[in-house]
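Take a look at the letters that make up each chain.
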Amino acid sequence: MEIYEDIKNLFCMCRSITGKSVVDTLNYIKNKIPINILTVKSGTKCYDWQIPREWNIKDAYIKKSNGDLVVNIKDNYLHILNYSSPINKIVKLEELKKHIFTLEDFPEWIPYYTSYYKENWGFCMKHNDFINLIEDDYEVFIDSTFDENGNMNYGEIIVPGKSEKEILLSSYICHPQQCNDSLSGVAVLMHLTKYLLQKNNYFTYRIIFIPETIGSIYYLSKHIETLKKNVVGGYVLTCLGDEGEFTYLKTRNENQFIDRVTLNLLEEYQKNYKIREFNTCGSDERQYNYPGIDLNIGSLMKTKYGEFDEYHTSADNLEFISPKGLEESYNMYIKCLDFIEINMKYKNNTICEPFMTKYNLYSSLGGSKISNCMFYDILKILYYVDEKNDIIDISKKLNLKINYTTELIKILLDNNLISLT
Amino acid sequence: MEIYEDIKNLFCMCRSITGKSVVDTLNYIKNKIPINILTVKSGTKCYDWQIPREWNIKDAYIKKSNGDLVVNIKDNYLHILNYSSPINKIVKLEELKKHIFTLEDFPEWIPYYTSYYKENWGFCMKHNDFINLIEDDYEVFIDSTFDENGNMNYGEIIVPGKSEKEILLSSYICHPQQCNDSLSGVAVLMHLTKYLLQKNNYFTYRIIFIPETIGSIYYLSKHIETLKKNVVGGYVLTCLGDEGEFTYLKTRNENQFIDRVTLNLLEEYQKNYKIREFNTCGSDERQYNYPGIDLNIGSLMKTKYGEFDEYHTSADNLEFISPKGLEESYNMYIKCLDFIEINMKYKNNTICEPFMTKYNLYSSLGGSKISNCMFYDILKILYYVDEKNDIIDISKKLNLKINYTTELIKILLDNNLISLT
Amino acid sequence: MEIYEDIKNLFCMCRSITGKSVVDTLNYIKNKIPINILTVKSGTKCYDWQIPREWNIKDAYIKKSNGDLVVNIKDNYLHILNYSSPINKIVKLEELKKHIFTLEDFPEWIPYYTSYYKENWGFCMKHNDFINLIEDDYEVFIDSTFDENGNMNYGEIIVPGKSEKEILLSSYICHPQQCNDSLSGVAVLMHLTKYLLQKNNYFTYRIIFIPETIGSIYYLSKHIETLKKNVVGGYVLTCLGDEGEFTYLKTRNENQFIDRVTLNLLEEYQKNYKIREFNTCGSDERQYNYPGIDLNIGSLMKTKYGEFDEYHTSADNLEFISPKGLEESYNMYIKCLDFIEINMKYKNNTICEPFMTKYNLYSSLGGSKISNCMFYDILKILYYVDEKNDIIDISKKLNLKINYTTELIKILLDNNLISLT
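Residue numbers (the numbering used here), protein chains in the order written: chain H, 29 to 449; chain P, 29 to 449; chain B, 29 to 449.
A few of these clues could be false.
Treat identical chains as interchangeable: a pair holds within one or across any two.
Only pairs whose alpha carbons sit at most 25 Å apart, straight line, appear in this in silico SDA-like list of lysine to any residue [unchecked claim]:
| no. | residue 1 | residue 2 |
| --- | --- | --- |
| 1 | K386 | S70 |
| 2 | K48 | W149 |
| 3 | K69 | W149 |
| 4 | K375 | V260 |
| 5 | K425 | D322 |
| 6 | K375 | Y75 |
| 7 | K416 | F285 |
No wet-lab data here; the hints were simulated from the structure.
Since this is a predicted model, take the numbers as computed values, not measurements.
With the rest of the complex left out, here is chain H (with noise of 0.2 Å):
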């Protein structure tokens, strides 16, 4: 399955923030579909925060006095703490104690960490090997590099479609070695990005692969005015492998396109889902509806991060996610970018029912004859078009499936007895 082959060929990379792995990143993800490959200079303000300095490493591990390696950045790109300083020396158990980042309930996972703000230097790694350690004269070895003219890159696509008014597909990709969060997220939307771009489409979509937080915020802070006037809706895409439920994070304001669409068909085609707050948020939808923002950016997600315990550790892997979740997430995806491009509110283009016999219904649906009993929904769906009422609205209204009220609206449209308002 080539989205679970996309993550699979981008696990093994050292990513952060800033830094050649996530250009390399990048690459990829270009060499599949057009994106362009975008950069800003270390130090360049953007609202409250500045781009921070370029971030790489090479090596980094930890030896015992007898040359045993104690962690290898070389086995998990997580034993490093994410932006460490570098350093060469030699120090005491104790002195070590204070760098080292474990969990105690998973002792055999490698936590993630990061220190992005604050310098410092770390490793992370099992809470078993940790307890293990006895005292010795260690050799701690971080052979990074902190760049003031350096650069933080991202990824921006723009589709084109009939209206200027934009659908805002975000992404991140500043996790080394994580699978469900970011990488799941980055995966499927390059496949949705390769589906609307093989169609006519009526929003024009925004899709963007960015740094998290420092990314959204400098992205904002170069398109505010196109984004405030433009992006009706959108989403945050991560946490997409799992074979979990879905779970759904609403918008700041509640109630807006994006969460009126993606609870509604939530409610039609899964069993069961989640709905949480925003104010449980963690991703960049923070800053796509931080007030004043409001894009009104929701997250559609399976297991939400921070609900499952692989979260951040070095469990979030290849084990973790799978195909079939992946295929599920990519589905119900399609189904939401499919009704986004629907869900209008649709004018009535006579004054009055109109003159039934007139029209040619039959044909609309391929030849098969329409049922008296659809022909009954499509006058009762006729009473509702009236420029205030959606697919979602009317199919309430008549309690009808929003995926037939969908069906029977495209008979209309192709009727000329319904338009676009």
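Since chain H is already given, all that's left is putting chains P and B on it; use the hints.
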């Protein structure tokens, strides 16, 4: 009972949406109340529709080869498929059967079918008679005419009130030999018109007697500007003759003036009643409430069309309805019309509480003493007379009967403590 | 306890809506807080009303023919029908009875009756004493005066704040020898005024001590423009001395600023409390909330007038109230006034999340460390600081205690991360 007598007099006529018997019906009405009878040419365009050719029928029957009559329009006008083409032909049983309509579930009843816009000939008959038909050469004879230079007719009377604002009352005159459906509404409306004519009204009442669907569409097309400017609500009157519970069919927009008035009065005066959503509608309210028209017209019925077996059959006859049922309907409509005239938003004529001692609230009640309790209720009512609340709002706020609040509002009006905004 | 002492000092005075004892009461208040004592001439028109003649009384009693006193105003000022006309006459029992008011249900209590606007003379007494009256020639003596050139008096103090916007605090000073009704409100308000005078306030506080009804109507007529422009809410203070549960009487318009503040604080701080609809009102809030006036004034009481038996009787005395009850009321009012000062809609001073590392959130808490949990709560609060939500909205959204949210809002204000809109 006069209403019942009028139905009896109007019953045996072969009405349709056009033709001589519609004119006869209108002349009968004009003999009782001063309506205008209006005429529109066949072929006239109105919105998506056009006025059909005028249809008239003199005779129609089916005869066996031995000369015995199988069905004869003179027995019951339902026998003819309404708007049937003329024919004079000998046919085999097999062909005949294609042109006969029956009701398997009610084999002793003749159904009522129409074919206004699709040319066809046909007969309706009892299913029991139908299954006894044997192979034979049948003479089918229909002496009907279509006149392209004919007319459609309807009746109208405007009862002017103090205000330009209008209440629309509409009934349909196109059904042959149907009592509850159609005629009960026509007859009750005739008598409500008499009631309105003999008193001074606040609202202007626009009362029409039209052929269903094409009549309302034409009427709308002719008066749409005035109607949209002035109409604040109204009713389609039909199905008012049986002794079942009241049913209220809501306007499309719901919670409109007419909905609030009718539903609250039903709540106050009827032990049981039914409410139906607009999308289960079927008569001229479909057009009056169509998106963009939005006259907000409801329909207060006894048992709703489509919800009694006798509907559109020969069993919807003079036995199916009763003077008692008609009287209940008439009385309930009187309550509604009376309340429509007073359920306004009033303004308070004093700033702060009035100095009550000054006002002679006793005389308002014809000399009888206002009880202490009524005195406090008057004060409470005054707190909510603020140009925003109508009598229904105030009654609900204070948990008082609408009828009682109305009585106290009249006292306040008489004492000039409140007035129309 | 000072509040209780003030009530004790004010208790034994024959107050009414006008007269010398009202001035004495105002002078007592002025001795404690710098109010202005204002005067308005009898006969002055205000809206539908006019200021009554000034009433004063020197003596009043009923004597048996043998010289024994039946009632004597010196025992209790409730004995006189308030605003009684003067009289000096010998009357038979039968006539006397027409002028005596008692309480059959509470035969040991003297009721409190008034006749401000209908000339009458009368006495109030215990029912047990009343039924023991025998046939006799009774001397009735009332040494009262009505002065057409007299005055009505009231007190006022404006405590200016940063904003022109005002909170109105109103109590009434017209009841003779009533502790919970009237005096408890007057005394608590005196001490709240002291509290407001010794600090810097955001709102301007308009504090008045007036005769009930005619006082508020006159006050409104004089200041209506300013009040309608500036008042955002306030309270009528009364019934604050018993140890019952708190009762909140809502404004006419409901869900106004003062309703939200008070009801949410009651919910947070009181195990049990009662809510009453505006239409069960009885004091000056009737005028302040009258349609068109709409100052949106609530009333926070202990047990509401009309809901305790002692109301308007001699049993509403110094034993009925307690220092504990008064203290509870004072403290709850302090919570309300403090919260009124801070429960604003703030705006976020950063676009996107602030770069938290820059801000020294620790110092705000006096050097104590902000817990991790508080840190995340601060972020969550920031998401909802959007010029639309006040502290109550945010607390509800996040399911936090109002008090805790308020504490964190203060930290954000101190760090200039948010500010007043």
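Here's how the hints hold up against the structure:
1. Taking CA atoms no more than 25 Å apart as the test, K386 paired with S70 passes between copies only; the shortest distance there is 18 Å, against 67 Å inside one copy.
2. Only within a single protomer do K48 and W149 lie at most 25 Å apart by alpha-carbon distance; the minimum there is 20 Å, versus 83 Å between protomers.
3. For the identical chains of this complex, K69 and W149 are intra-copy neighbours only, at 24 Å inside a copy versus 84 Å across copies, given an alpha-carbon limit of 25 Å.
4. In the homo-oligomer, the alpha carbons of K375 and V260 lie at most 25 Å apart both inside one protomer (20 Å) and across protomers (23 Å), since each shortest distance falls under that limit.
5. For the identical chains of this complex, K425 and D322 are inter-copy neighbours only, at 17 Å across copies versus 29 Å inside a copy, given an alpha-carbon limit of 25 Å.
6. With identical chains, the CA atoms of K375 and Y75 are at most 25 Å apart between copies only, with a shortest distance of 16 Å across copies and 42 Å within one.
7. For a Cα distance limit of 25 Å, the shortest separation of K416 from F285 qualifies both inside one copy, at 14 Å, and across copies, at 20 Å.
In the structure shown, no violation is registered for any of the earlier numbered hints.
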